[in-house]
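Visitor: For reference, the chains in residue letters:
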Amino acid sequence: MSDYAKPVSGSRHIDFDALSFRIVMTGIALMALVLLVAPTVVVIWVSFTSGYSLKFPPPGYSLRWYAELWNAWQLQFAMMNSLTVAAWATGLSILLGVSASLGIARSPTLTAKVLDSLFLSPLVLPALAFGLSSLMFFSMIGVPVSPLTLIIGHTVVSVPFVVRNTVASLAQMNPSLLEASSSLGAGRWYGFRRVTLPLIRPGIMAGGFIAFMASFDNVPVSLFLRDAATDMLPIRMWQDLEGRLDVTVAALSGVLIVVTIGLMLVMERVAGLSKRLT
Amino acid sequence: MAATLRDVTTYDLKLAAPLAAGFVLFFVTPLVILLALSFQTDPQGGHYGLTQYVNFLGDSFSLGVLGSTLWLGVKVTVLTLLLGYPVAWLHQRSPGWARGLIMLLVLLPLLTSVVVRTFAWVVILGRQGIVNATLSWIGLIDTPLKLLYTEGGVVVALAQVQMPLMVLPIITALSRIDPNFADASSVLGAGHWRTFRKVILPLSLPGIVAGCLLTYAAAITAFITQSLIGGGQMLFMPMYIYQQASTLQNWPFAAAISIVFLVSVLVVVSIFNALGRLSRGYANA
Chain A
1 MSDYAKPVSG SRHIDFDALS FRIVMTGIAL MALVLLVAPT VVVIWVSFTS GYSLKFPPPG
61 YSLRWYAELW NAWQLQFAMM NSLTVAAWAT GLSILLGVSA SLGIARSPTL TAKVLDSLFL
121 SPLVLPALAF GLSSLMFFSM IGVPVSPLTL IIGHTVVSVP FVVRNTVASL AQMNPSLLEA
181 SSSLGAGRWY GFRRVTLPLI RPGIMAGGFI AFMASFDNVP VSLFLRDAAT DMLPIRMWQD
241 LEGRLDVTVA ALSGVLIVVT IGLMLVMERV AGLSKRLT
Chain B
1 MAATLRDVTT YDLKLAAPLA AGFVLFFVTP LVILLALSFQ TDPQGGHYGL TQYVNFLGDS
61 FSLGVLGSTL WLGVKVTVLT LLLGYPVAWL HQRSPGWARG LIMLLVLLPL LTSVVVRTFA
121 WVVILGRQGI VNATLSWIGL IDTPLKLLYT EGGVVVALAQ VQMPLMVLPI ITALSRIDPN
181 FADASSVLGA GHWRTFRKVI LPLSLPGIVA GCLLTYAAAI TAFITQSLIG GGQMLFMPMY
241 IYQQASTLQN WPFAAAISIV FLVSVLVVVS IFNALGRLSR GYANA
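From first to last, the protein sequence lines stand for chains A and B.
Letter 239 of the first sequence, counting from 1, is numbered 239 in our numbering, and no numbers are missing.
Letter 154 of the second sequence, counting from 1, is numbered 154 in our numbering, and no numbers are missing.
In isolation and in its complexed conformation, chain B is listed as follows (with noise of 0.2 Å):
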């Protein structure tokens, strides 16, 4: 009678089949070729060797590339998270229609084409954007500063394109906290600040690590906004990859590059993994 039961709410594995076949044939193979190829010493082909990663890691210029790539996944991080928690702070304690609203404004760049929300930034920072037409308004400056092509504009314009991606885990986890907590710790004699550094920041801390996991991703390898925002003179990974292989034609070491990029990301992702599952833990305990 037992196997009848579950026979009847679980559906074949076999059902995953056609999309796993898929995977294999159209995700993983190609991602071996990558790494194959990636070995080719020149781009003719037939040598294998470690040439590729040799020059890739021997090159100040490229590892400058990756090490200013994954500095700017930092800031972005940072940046969001700074902005992005007193919004699912303020989401959370504000009354229904409220909700609705914040989450609306949230939810729209998150849709929104990635061209279009760049596009937005370019309008605004450039030298007759609104930024400059506003202090120039004011008075506080005479000639327009230079907004757009900075590392700063990037770091800006990235934050509110991924804000998204860090407000919603960080409102989910603290719709999980029982209230009760604050009020406890309130009776007890703490004042609003302590109660939030020693109840609530500790107790969201997976929406917390889950938002700075998406965002640092995203931020890395956002190939648009880094392209249209930071302009020729800054180069970060994705750019350096597609110049390799589509301008320069050399596959075997914009291979090299992407494999380096994809392992760094890995690595980034394990380490919010684990840092994921410690707070998860902590935040249960």
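Bound-form chain A, shown alone (with noise of 0.2 Å):
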């Protein structure tokens, strides 16, 4: 946006108006960025602490807590768990809610803007209501709760993710590229690997992205869809900050902070990840 025209009055005294208008927001502004990016740099900080406590400022600093991950087998686990969950969950995102946007993006019939909807709607829904009527379902079918329903009731509330943006990416695409490459004899499955795939790819890869993220860092579906013997990775870090404030969780935070921020620098460049959330 250009600055604001200058008044025509062309006097010099000082602009009260517009001065005070720019402090206002521009100190609100840095306000919000700074309580904004506060809770990220306080976990880094103390998770570098010598100390048993997370007292703040830290006594001293050390890379204990972080050696300590090492030994952290509970942790681990979990955080396989929450791994292969989420691998499995992107997947079967993709696979399926690729497929469901190239059906229903160009598709100009009522069929298409329900099921728009329908796919869209766990993104609104209380999740955890969702979870239980989940845990509902599969008990009244006589199907015991176990990875495989945790995957599942990921998949539900991991697609939407992939569905919007994949629909946003073929939305913009330009038809006009297909019937190009059709009259130049390309066949439906060629058209689509070598034009609508490359065009649509980085939605896919940001919606993909997003969708893993939504399914690592689930507690509401998980909850009621896990069996005991499955411990995943945000629940058991809620348990351990319910009992007591324990340091390990800090470093571990700070491990997942550094890798959530490379993730998102690579999708950033690969996949324009910004432009997609705007």
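Watch out, some of these pointers could steer you wrong.
Result set (PhoX-like, lysine-lysine): computed pairs, CA atoms no more than 25 Å apart in a straight line [unchecked claim]:
#, chain 1, residue 1, chain 2, residue 2
1, B, Lys14, A, Lys113
2, A, Lys55, B, Lys146
3, B, Lys146, B, Lys75
Rough simulated footprint, nothing fancy, chain A against chain B, three-plus residues with beta-carbon under 8 Å [as the list claims (entries may be wrong)]:
#, region
4, 12-21
5, 26-34
6, 104-116
7, 244-253
If you're looking for bench data, these hints aren't it; they were derived computationally from the structure.
Note that beta-carbon positions come from the ideal geometry of N, C-alpha and C, so glycine has one too.
Assemble the dimeric complex from its two separately framed chains, guided by the hints.
Guide: Put into structure tokens, the structure is as follows:
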């Protein structure tokens, strides 16, 4: 946005109206940005403490809690479970979600519109209510909770992110490209592989990334659909925090934050993540 | 010819069939079962009626939980809007490198694990946390303030956790405003405040409504943040459902609370959607 045109009066007195407006807006914005970033900084800061508590400021600094992570087998086990379930849920979400997006994106029919709303509805429904209803469903048909029921539940809450981003990419695609490829003799499958897919790939990747993070971070669905043997990382961390404030959790949080920032920067480069979220 | 042309640019609707089937089986059916179960009069089953709903709506404790949850969402949404709008405004008028930085700062909380973000607030608000340490260092307080396990703490933590959901749609809305409007308003003699109030704010309404919808829905369902920052004394709907379902194994009542909560969320979403349509008509006029 250009700066607002200067008033026509031409006087050189200080423009209090402009000044006050900029100071207030910039001031609040900077405050909000500090608020946004403070928690991340604080977690990384205290994770380097040499003490046994999350006292601030730390009495001294060390890497002991990061070293402690090597022995924290409960957290490692939960992390492996969460990564496995998230990988399956993301794979299924991309497979089913991209296929469904192709079907509904360019279709003007009412069915396509209804399906679009249906596929996106897990985004606004309370996930806890869905988790509970899934548990009731599986127990009613006599299927015990297992990693499989967990993957099914996670796929339902992850797939909307893939559908939303893929449908948006398809909507932006110029259809005459497909006509051109077809008139040059390309078959449907060849046209999809060589024209459609390369154009929507960034959208699929961004959607898949967010779907993965949503599954990895999910608590409400996991609470109901996991069996006793399948500990999930966010639940493990949550229960650790409810009990005692464990500094190992701070070190693990530090690792998760660094990995997230790394993945975000990669996704920004290859898929233009921020453009897809605005 | 026209028919064959349309043929290559659209894909068969049947491609959506596998996901549609999956959703009917694993999403719609469970919700139908939830609805059915909410009409069971006792956990052992057999009889159907409105008992659970009568119990919920006739109980001042349950109504209080629902009310405080919906009210919590309002407070979080208002705070998030007040803080988030200037961030979007600053992003819009910043040079390229600063835009990238602001975007990174906004996206980071969105993609960081909710447990990690909430954990950070436990560290910040705790008795030995950064707020209390700073206040006692300046000499403002002698004994640590109780910040954790208060509603104020929950509101601030939720505002931080959900702020990206508010900022992103407003950035989109602001980027669509023709800068000539602000210039015209200025040339016609309006100051910055007046231009903001009369031109920029109304034109960005679609983004505000979209942001408020996402923030509100996320804030009232934010199970982890509510329970970790709120502690045991404060009960909100998601935890209430979980307690009834898991600890007390009272599935019919849990189902009824879930339905009441679902319907409340849907009502709020429809109100925001209606406002969104109105505001878009206004912004495009």
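Visitor: Please name the hints from earlier in the document that this structure breaks, with their numbers sorted from lowest to highest.
Guide: No numbers; nothing is violated.
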